[in-house]
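Read top to bottom, the protein sequences are chains F and V. Take the first sequence: its letters are residues 0 to 488, numbered as in numbering that gives the first Met the number 0. Take the second sequence: its letters are residues 0 to 218, numbered as in numbering that gives the first Met the number 0.
Hints should not be assumed to be uniformly reliable.
Covered stretches of chain F (chain V as the covering partner; in silico rule of three or more C-beta atoms under 8 angstroms from a C-beta of chain V) [claimed, not checked]: (1) 270–278; (2) 477–486.
Residues of chain F clear of chain V, computed beta-carbon distances all greater than 10 angstroms [stated by the list, open to error]: (3) 1; (4) 11; (5) 12; (6) 24; (7) 105; (8) 198; (9) 297; (10) 408; (11) 413; (12) 415.
Calculated from the structure, these hints are not laboratory results. Virtual Cβ for every residue (Gly too), placed ideally from N, Cα, C.
Take a look at the letters that make up each chain.
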Amino acid sequence: MSALLQAIASPPSSEEFAPTSRVGGLRRRSVGLPGTFAQSIAAVAPSASAMTMPAIAAQAAGQGTVWAVAVAVGLCLLVASCVNQFTRRMSATGSLYTFVARALGPVPGRVAGVMILIGYGSVAALSAAGAANSLIALGSRFQPRLLAIPLLPVAVAISGLVLVLLILAAGIRVSTGITLVVESVSIALVLFLLAGLVIVSSHQSTAPAPMPLPDLSGLGAGAVLAVPAMVGFESASTLGAESTRPLRHVPKVILITVVASGALYLVSTAGETIGFASVGQRLATSTDPAQDLAGISGMPVVGLLLEASIAASFFGCAIANVTAVVRVLYTMALDGDAPMTIARLAPRRRTPVVAAVLVSSVIVVVLLVPLVSGYSLTGTMQLLLLPASTGFMVAYLLLAAATPSFLRHVGEPSTRATVIAVVTAALLGVALVSYLTGQLSRAGWPATAVLLVVLGLASGLLLLQSRRSGRSRPGTAYDQPTADEVLGG
Amino acid sequence: MLEEVARLGPGATAAALSSRLSLPRATTYRLVNLLVDEGYLVRMPDLHGFTLGRKVVELAHLAVSSELAPSVAEELRTLRSFLRAGVHLLRYDGGRVTIADEDPDFPALDLPRLERDPSRSAAGRLLLAERRRAGLATEGMTEAEADHVLRSFDRDGFLSQSGGFVVGFGCVAVPIRRGLHEMVGCVAVSAPSSRLTSPDHLALRLHGAAERMAPALLW
Chain F
0 MSALLQAIAS PPSSEEFAPT SRVGGLRRRS VGLPGTFAQS IAAVAPSASA
50 MTMPAIAAQA AGQGTVWAVA VAVGLCLLVA SCVNQFTRRM SATGSLYTFV
100 ARALGPVPGR VAGVMILIGY GSVAALSAAG AANSLIALGS RFQPRLLAIP
150 LLPVAVAISG LVLVLLILAA GIRVSTGITL VVESVSIALV LFLLAGLVIV
200 SSHQSTAPAP MPLPDLSGLG AGAVLAVPAM VGFESASTLG AESTRPLRHV
250 PKVILITVVA SGALYLVSTA GETIGFASVG QRLATSTDPA QDLAGISGMP
300 VVGLLLEASI AASFFGCAIA NVTAVVRVLY TMALDGDAPM TIARLAPRRR
350 TPVVAAVLVS SVIVVVLLVP LVSGYSLTGT MQLLLLPAST GFMVAYLLLA
400 AATPSFLRHV GEPSTRATVI AVVTAALLGV ALVSYLTGQL SRAGWPATAV
450 LLVVLGLASG LLLLQSRRSG RSRPGTAYDQ PTADEVLGG
Chain V
0 MLEEVARLGP GATAAALSSR LSLPRATTYR LVNLLVDEGY LVRMPDLHGF
50 TLGRKVVELA HLAVSSELAP SVAEELRTLR SFLRAGVHLL RYDGGRVTIA
100 DEDPDFPALD LPRLERDPSR SAAGRLLLAE RRRAGLATEG MTEAEADHVL
150 RSFDRDGFLS QSGGFVVGFG CVAVPIRRGL HEMVGCVAVS APSSRLTSPD
200 HLALRLHGAA ERMAPALLW
């Protein structure tokens, strides 16, 4: 009798398989492919970034920014390839925290964990501010006196966060469903408006807009400024437990998010470059591209729709990023790297409510400090961009470095994947240094202070975690196969 | 691939599989991930290699059907040559209907659906009626429906239906019992409804065959 039939007749012992998944408290196998996709694409805030990022990147890359964006997309594809070496094999809820901890051990794992928390958290705070900003801008078109109400930005931002909390409390299926709708509307609007813009511009000026390839330093610096627009694509890796077929859906979603958002950014960068060129302006000089483009089109309704689209995009982004932070914290608690109370789940909807309330409160405080000190919503967003980008880039770097080790650990070594990982890590290292030096030299002391505070907080968290290190085992809480999936289990 | 995992035992790594099967590594990884995706292989909890997944048991059912006892095969051959209709041998295994021997000349009309939704076919309803008798859950049928079917069965000794599974086709199912009471499977005849006008005659012939087959079936 063949070995296979023999094994079926008397199955080998399956004691290593637990009866339930360690992250089975969450609503397991409840979110389909669209919902999983919504998580990643929303976390990127594609429409909002499509409007704002090109002008920022153009500071370094000039009229040829579209090439810099292409380089940034290429880099993110490399990172996605590394991330997917993990997501194809592991269904997890801790995103890069679990992956790096699994491959490189507790200390690098915790660093990656804290960094990705800072990344998701800063983007969540940033999007709350962004949504509030766009909503107020939208409202002020109809009622200009809104702008004069003191502390209105604070009130709107906090209300937005309360709404996010309520949506999260409704359960992961509802929250991903809402996110999907919001992002779809937002992206459709932006695409429609961009198409219109290109058409209008081509009527106004028949001369083709030149998009020359920037020199190497401009290309690199521009790419580095474009990368922050794409971060968050890996956040579907926090839905490992809740996705219906995580080992299939999550890697697919991550790749599609990079490709789709990358395509959108290439279109928007080219579109904006053309649009500005048609009225003789350069992309880099714009401080509010959305309004400037609306002006070019000559139709106020364009500006309205753009603001609405950006507000929606930021709102969906806030939901997605809070979802991600909460799940990473939940995983840390299960591993012993955070207090167990954080892992408390709501009885019926099975979402980590304690973590959600904690995270939202922290975000409120983070927003209040600059807002009350006199910063505008836009200024607050700019302050938060630095820790956000840094957090993600460091986490990505650690992940790329962890990839070859992980493949060896699971007994599936691959020269090709190792080469990709090494190249990615090297590029990210260069990008990180370039980004930090560029930002800190330009933005002056408030940005430096913010970064130092954030790094200080991160170190504090890491110190606390290392004190509990006797009792914590990072990288062990993920969605392992259970006994009922095994032959003989 | 599955053979090799069975041979190596739990924890077989993809690299080991690739070298033992002389396949390129990339191909092995892709195949392995496909098998994991379908549930035939499962990763070990610590991610060190693979072991066989529960789904391979379904492959075993294919193996079982080629190992019927000769007397059972002979009974089925006789029935099939006489009736010239779809004569199938079905097994009841843990509350599920599975095909044990499908008529090679008249293949079952919708095997996956037969196995998935027992409430529609005579063979499946037979199983559900017995479960109702034992007080077990009857998926796909209300208790009232199951009672009704059970009464028909107790009255006639067989079950038949027409047009309930596939329009224009009917089916007659007769139980196979091990010992006095335990229903381990059934013999079912599937044919166009026009040919099943007197199911009781058909059932008589099937009863005889079922009684002769029962002792030789190792279920």
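Results for each hint:
1. 270–278: As far as the region 270–278 of chain F goes, the hint is violated, because 0 residues have Cβ atoms under 8 angstroms from chain V.
2. 477–486: holds (count 6)
3. 1: violated (6 angstroms)
4. 11: At roughly 5 angstroms from the nearest Cβ of chain V, residue 11 of chain F sits no farther out than 10 angstroms, so the non-interface label is violated.
5. 12: violated (8 angstroms)
6. 24: Holds, since 17 angstroms exceeds 10 angstroms.
7. 105: Per Cβ check, residue 105 of chain F is outside 10 angstroms of chain V; nearest 15 angstroms; holds.
8. 198: Residue 198 of chain F clear of chain V: closest Cβ-Cβ about 44 angstroms, beyond 10 angstroms.
9. 297: holds (53 angstroms)
10. 408: Violated: least Cβ distance 7 angstroms, not greater than 10 angstroms.
11. 413: violated (6 angstroms)
12. 415: Violated, because the least Cβ-Cβ distance between residue 415 of chain F and chain V comes to about 8 angstroms, which does not exceed 10 angstroms.
Comparing the model with each numbered hint stated earlier shows that hints 1, 3, 4, 5, 10, 11, 12 do not hold.
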